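Q: Dock chain B against chain A, hints included.
2 protein chains.
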Amino acid sequence: VADPPPDPADPHPAGPHPGGLVDLAAVRAAADRIAGAVLRTPLLAAAAPMSTPDRPLWIKPESLQPTGAFKLRGATNAVRMLSAEQAARGVVAHSSGNHAQALAYAARAAGIAATLVIPDPAPAAKVAATEALGARVLRVPPARRAARVAELVAAEGLTEIPPYDDARVIAGQGTVGLEIVADLPDVDVVLVPISGGGLISGVAAAVTALRPGATVIGVQPELSGHAAQSLREGRRVAWDPGRTFRTAADALRVTQLGTLPWQHIRRLVGGIVTVTEAEIAGAVRSLAFAARLVAEPGGAVTTAAALYHGGQLPAGRTVAVLSGGNVDPRAWLDLLATGAAVTRPGG
Amino acid sequence: VADPPPDPADPHPAGPHPGGLVDLAAVRAAADRIAGAVLRTPLLAAAAPMSTPDRPLWIKPESLQPTGAFKLRGATNAVRMLSAEQAARGVVAHSSGNHAQALAYAARAAGIAATLVIPDPAPAAKVAATEALGARVLRVPPARRAARVAELVAAEGLTEIPPYDDARVIAGQGTVGLEIVADLPDVDVVLVPISGGGLISGVAAAVTALRPGATVIGVQPELSGHAAQSLREGRRVAWDPGRTFRTAADALRVTQLGTLPWQHIRRLVGGIVTVTEAEIAGAVRSLAFAARLVAEPGGAVTTAAALYHGGQLPAGRTVAVLSGGNVDPRAWLDLLATGAAVTRPGG
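Protein chains in written order, with this note's numbering: chain A, 1 to 347; chain B, 1001 to 1347.
Next up, chain A with everything else stripped away, as it sits in the complex:
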């Protein structure tokens, strides 16, 4: 892949992010570090009609991780890279979603104290789930969350583990890509959800290094298509939260790629497809009744791309990364009901 032209809005215009892109060696080291602490998920062959002769389809079900999402990989890698001194002081992050539970889980497993700064109003269930994993939870007004983390870093010497804009986290997420190529060495297309961009950055680093002929494609909801627009325009754009908030894919409501993910995506990713809310619902339903998996809407976008946007994708052996399965039961059941209405446009 030739380097794209410099991006004038990029904070690191002279080249890669300081420290460079995450490479295959870093992902392999992460795999060794997290082995046994994270589920080695299987690759599931989808049955017809999800799978077709033109596009044999496999699902990588990260929804089966102990905390229900791939986030456990990056958090575990980051926690296990701490120095003894850092580990003794503990870690901190601001998140109310899958990263909060992943970091709490990873820290507990390593015997390290975790503090999660959760913006109010936060769902009581998410606060309780994070506290149940032994983490200290501090609730703050949303506008205060980054400042509160900075205060804790300064006052208590905590180490911040960001959800995606971090080389340790990206290397951990990249183990998904290592496992895909190990299980399906002749994979042609890997579909990965994009929110802040950590998962696809790591997966692309691993897959493009191991199998240069394969294409890694990002998937976003139409209602949160900031990365698709960024790739199209060659600059890292931000969307308004009032816009991204409309998608049912709550895990994909981040409004802008991280700077380090953006460096990976512009160099390593072959394209970004967007899917409609009706297509997401259809994919959630197909995953439930044809693959027997409970997918969160954000995790189902890749299956939606395979089912409904085949014409925009390279042909061949395709893996859809199902990134998570943490759902609100009522909302998920409602989505299943609407999913019935989606029809499939040919191959």
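Note that these hints are calculated values from the structure, not bench results. Predicted model, so just to flag it, every value in this text is computed and none were measured. Hints should not be assumed to be uniformly reliable.
[Claimed, not checked] What follows is a list of derived Cβ distance ranges for each label pair: (1) B/Asp1183 <-> A/Arg136: 28 to 38 Å; (2) A/Arg40 <-> B/Gln1086: 36 to 46 Å; (3) B/Gln1086 <-> A/Ala25: 48 to 58 Å; (4) B/Pro1241 <-> A/Ala331: 33 to 43 Å; (5) A/Asp32 <-> B/Glu1156: 50 to 60 Å; (6) B/Glu1222 <-> A/Ala337: 30 to 40 Å; (7) B/Leu1138 <-> A/Asp54: 27 to 37 Å.
[What the hints assert, rightly or not] Sample of chain B residues lacking proximity to chain A, with all beta carbon distances greater than 10 Å (derived): (8) Asp1032; (9) Arg1089; (10) Pro1142; (11) Ala1155; (12) Glu1156; (13) Gly1157; (14) Gln1256; (15) Arg1317.
Where is the CB? At the ideal position from N, CA and C, for every residue including glycine.
A: Okay, now just chain B, sitting in the frame of chain A:
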């Protein structure tokens, strides 16, 4: 384990079934034979509150097999044990359920012709699914099914692959037990659904040989408790189909254990627990929203036993075998709605 007293109703009262019980060597040979053709399922650690300090719980999700149930293991082992001459003539079975699709799938993967005798009235979806796997489907009145299979064996030289009363099939199902002990060597309790008894026979053969301290416990719906009654009374009893048909666990409506499974169960199984329909619904709901798995009601009985009948089970590290995930969407969604009402009786 001391041999139990002879069973007067047993067709083989002098000792074990001709050929003896399936042993660990047979299960290990099956594992080698089916490797690569069947999913090596992971063992999933359940989160609190499904898992408790007294009973840490893992789920063995056979629902993730390509045909949605463990049946693929036994069918694949049996198909791969055929002589070249038998393979050239093809296989036959009567079934309208998970065994039909498993045999069709296993035969197609081995390049062998499969005939499935399906009793009418059969759901069109099941007939279509079996035909989509390349099998010849013959529909007959229910009373004719065994005779029709016998005719095909005589007239066409087909080899019958029964769903559970068969040492090849039992050895294949036993690979579930091998994998459980490989992933959790200090397992204490293994919970297995019982219908005709093939799955628990193979699992008990493997688990009790590899870990004599572990207890294998069967689970049935109260509405289809023929095996529980058989073990209690020391004889292989049959229930009326009009009785077993009332359970939502359609995969567990078989009315009597097979003779070979009965030999295994009376010698190797530590007990059989029965669960209510409400408990099954509660387990289906817990599996969906706490483990992110779509379980068929018959597959969820083991989780129901762990959640609601802990007092009847030995304590310790427990594995619930989730045997399948093939559901009718409408019926499954209705069951999820009723599942909310079940409360958990303590530990």
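Q: Taking the hints in turn, state whether each one holds.
A: Here is how each hint holds up against the structure:
1. B/Asp1183 <-> A/Arg136: 28 to 38 Å: holds (33 Å)
2. A/Arg40 <-> B/Gln1086: 36 to 46 Å: holds (37 Å)
3. B/Gln1086 <-> A/Ala25: 48 to 58 Å: Distance hint for B/Gln1086, A/Ala25 holds at roughly 51 Å.
4. B/Pro1241 <-> A/Ala331: 33 to 43 Å: holds (40 Å)
5. A/Asp32 <-> B/Glu1156: 50 to 60 Å: holds (55 Å)
6. B/Glu1222 <-> A/Ala337: 30 to 40 Å: At 31 Å between Cβs, range holds.
7. B/Leu1138 <-> A/Asp54: 27 to 37 Å: holds (32 Å)
8. Asp1032: Nearest chain A Cβ is 19 Å from B/Asp1032, so the label holds.
9. Arg1089: Given a closest Cβ separation of 27 Å, the condition holds.
10. Pro1142: holds (27 Å)
11. Ala1155: It holds; B/Ala1155 is separated from chain A by about 32 Å at its closest Cβ, greater than 10 Å.
12. Glu1156: For B/Glu1156, whose nearest Cβ neighbour in chain A is about 28 Å away, the distance exceeds 10 Å, so it holds.
13. Gly1157: Non-interface label stands for B/Gly1157: nearest chain A Cβ at 31 Å, farther than 10 Å.
14. Gln1256: holds (29 Å)
15. Arg1317: holds (16 Å)
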